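Chemist: Residue numbers (my numbering), protein chains in the order written: chain V, 1 to 350; chain Y, 1001 to 1271.
Just so you know, these hints were derived from the structure itself, not from any lab. Note that the structure is predicted; figures quoted are calculated from it, not measured. You may find that some hints are simply not true.
As the list claims (entries may be wrong) - The list that follows gives simulated cross-link-like pairs (lysine-lysine, DSBU-like), each with its CA atoms no further than 35 Å apart:
no.	chain 1	residue 1	chain 2	residue 2
1	V	Lys85	V	Lys4
2	Y	Lys1097	V	Lys121
3	V	Lys19	V	Lys66
4	V	Lys260	Y	Lys1061
5	Y	Lys1029	V	Lys266
6	Y	Lys1097	Y	Lys1254
Unchecked claim - Here are some chain V residues pointing at chain Y (derived, C-beta under 8 Å):
no.	residue
7	Ile68
8	Ser72
9	Tyr74
10	Val255
11	Ala280
12	Lys281
13	Tyr293
14	Asp305
No residue lacks a Cβ here, since even glycine has one placed at the ideal position from N, Cα and C.
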Amino acid sequence: MSNKEYYLSNANFSELVKKLLAEARVIAPVEFNGRNILEEIREDSISNINLSGYRTVESFKSYIFKLIEQVSSYFGTDISPKPPKYVFLGARGCDTSSIEVLDNVYLEGPLKDTFYEANRKNITIISADCADCGKTCFCTMVNGKPYAIKMFDLNFSPMPNGFLVEVGSDRGREIVDKNPGLFTDAEAGMGKEKVVNRQKVLDRLAEINAGFKLKLELCEIHKRNIENKYWKVLTKDCVECSACNFICPTCTCFVLLDHKTTEGGKRDKVWDACLKSGYAKVAGGANARGKLYERLQNRYQCKFDYSYDRQGRYTCVGCGRCIDGCAGNIDMRKIFVELERQVPLTAKLK
Amino acid sequence: MEQNNYRPIKAKIENVITETSNIKTFVIKPEEPISFLAGQFMQVTVPGMGESPFTPSSDPKHAESIEFTVMKAGSVTVKLHSMKPGEYVGLRGPFGKPYPISDFHGKDIYVVGGGVGLAPLRALLFALFHELDHLNKIEVRFGSRSPNDISYKDAIPEWAKRPKTNINITVDMGDPSWKGNVGLVTTILKDGDVNVKNAVAIVCGPPIMMKFVNKRLLDMSFEPKDIFLSMEKNMSCGIGKCFHCNLGHFLCCKDGPVFTWEQIKDIPEPW
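When you get a sec, could you build the whole thing from the sequences and use the hints?
Modeler: Dropping the structure here:
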């Protein structure tokens, strides 16, 4: 992509959303009780869109990896995916990073998830830099940034009375080209202002997470603690509610559930949670992770060890939603610190 | 449209063979062609009820009809056991990696099974019998709870007549008619059965049996890379997406279900 950037005024932003609404459903953050949540935008609610602040309470995941999605009708004529077009407007750095994780899982290998693929193809991502961060945000601890680095079609950086717009894909280019009156050339100094604004949020993140400084890489901390019984202690506050699984933008687990029909059956793909006791149970009763601490540990190993081996990256994006959602007030960052303290006791790197 | 990997192919139950009090073999004819290699598994759908993963027990060379030897264990298998010839099930797959049989050429093959674990090994044995010219010998060691719990009672004496093939069966509890060994399968794994410097061991059975057989094989000086273990995990999607079957950083459905001990030896309690 060319590095040329554009300016979009607030007035033209509303016009752009109107244009987008003519072709797709637009999901964007709106303010609700002092927090940003996602909402489907209509023409009369464009003014509610709020791109200030930081990530929304929930992630965009459920629009591409649905809570329940029918994936087969057997043995008659099978169903094929017919997803609507969506624009994810105001996705943050953690949101775009999480979509990369979903892509890495569902689109990887010769056997794809064709339903996810169809949903994903119909998504346009217009990301927005975080203008602030929450108390539980820790993207920078997992190699993330409070702004999108990739995976976006357009990226909006806040400017006085508008946005500085970066083009990230052919689809993004098309939006700019189709709306020449709305996007104007960026003014001198805007690029610099963007860098300054981003640094302010980075500084704020460093301040918030000052108490969780780690010396070792997270993958090393987790690999070294794989046989550590201290996980039992770390799990004492977990009540197995699985809120962390369900609020997580990168938890990809699901289960296939069948229902009887006259022709045979229908098959749904339904979100599942690795913290649930029956998750790894097999017929006959054997359970690979029968104890809660084994399941909590597995969740951490999955994000910071196993997926690191599989995808070459952490599959935690540091959004902190699991911390906000935890009924037992478990803070992932505190677990990292505790685990790192345990490392000398269990030093054994495979 | 791209292939829907979640869709089961309609398949007719042609025959049901009662093997033991809780094990039946289902002969299933898929309506669309499917082929598989020994070691790969498939998802069998009981319509409207759900799926369970099984490794076919029949000869991979003859996939017009595929056989599955199934122990009654959970809701799907209980329902399957009540089904009759003429009824329909669904098939998805095959999934996972096959045994690297061409790598076994020139070697002794030590096949160790326990209980219903003989089912996948039967498909392997058929595949090995096709390659007998290239193999040194096949030594089969099989453990069962009692003489009545042995599957393929008619076929086993036939296999034993094959050239280069020896079969030894043990039971945990004998009965008056039982002439063979009594004891766990580890008691019939003897030093000298195979030349461990030029052999592979292929193991399938309940987790606890695999754990102790693996330990015995290591004691016999098998190299970890020469021990092939069939890992039983909760495979659901079969295509490496749902993560139910994770075994450390591996996904059993995609990277397995057969692993060498070398691959999984660093995973705490992989069984």
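Chemist: Does each hint fit the structure? Answer for all of them.
Modeler: How the hints compare with the structure:
1. For the given pair, Lys85(V) sits about 27 Å from Lys4(V) by alpha-carbon distance, which is consistent with the 35 Å threshold.
2. Pair hint Lys1097(Y) plus Lys121(V) holds up; C-alpha atoms about 30 Å apart against a cutoff of 35 Å.
3. Our distance criterion of 35 Å between C-alpha atoms is met by Lys19(V) and Lys66(V), whose separation comes to about 26 Å.
4. The suggested pairing of Lys260(V) with Lys1061(Y) holds, with an alpha-carbon distance near 34 Å, which does not exceed 35 Å.
5. Between Lys1029(Y) and Lys266(V), the direct Cα distance comes to roughly 21 Å. Compliance with the 35 Å bound is thereby established for this hinted pair.
6. Between Lys1097(Y) and Lys1254(Y) the CA atoms are separated by roughly 7 Å; this keeps the pair inside 35 Å, and the hint holds.
7. Given the 8 Å rule on beta carbons, the hint for Ile68(V) is violated: about 14 Å separates it from the nearest Cβ of chain Y.
8. The restraint placing Ser72(V) at the interface with chain Y holds, with a minimum CB-CB distance near 4 Å, inside the 8 Å limit.
9. Contact between Tyr74(V) and chain Y, as hinted, is supported at the beta carbon level, the nearest pair being about 5 Å apart and thus within 8 Å.
10. For Val255(V), the shortest C-beta to C-beta distance to chain Y is roughly 6 Å, which falls under 8 Å, so the interface hint holds.
11. Because the closest C-beta pair between Ala280(V) and chain Y is about 5 Å apart, less than 8 Å, the hint holds.
12. Using the Cβ-Cβ criterion of 8 Å, the hint placing Lys281(V) at the interface with chain Y is satisfied: the shortest such distance is roughly 6 Å.
13. Below 8 Å, beta-carbon pairs count as interface contacts, and Tyr293(V) has none with chain Y, the closest being about 13 Å; its hint is therefore violated.
14. Because the closest C-beta pair between Asp305(V) and chain Y is about 7 Å apart, less than 8 Å, the hint holds.
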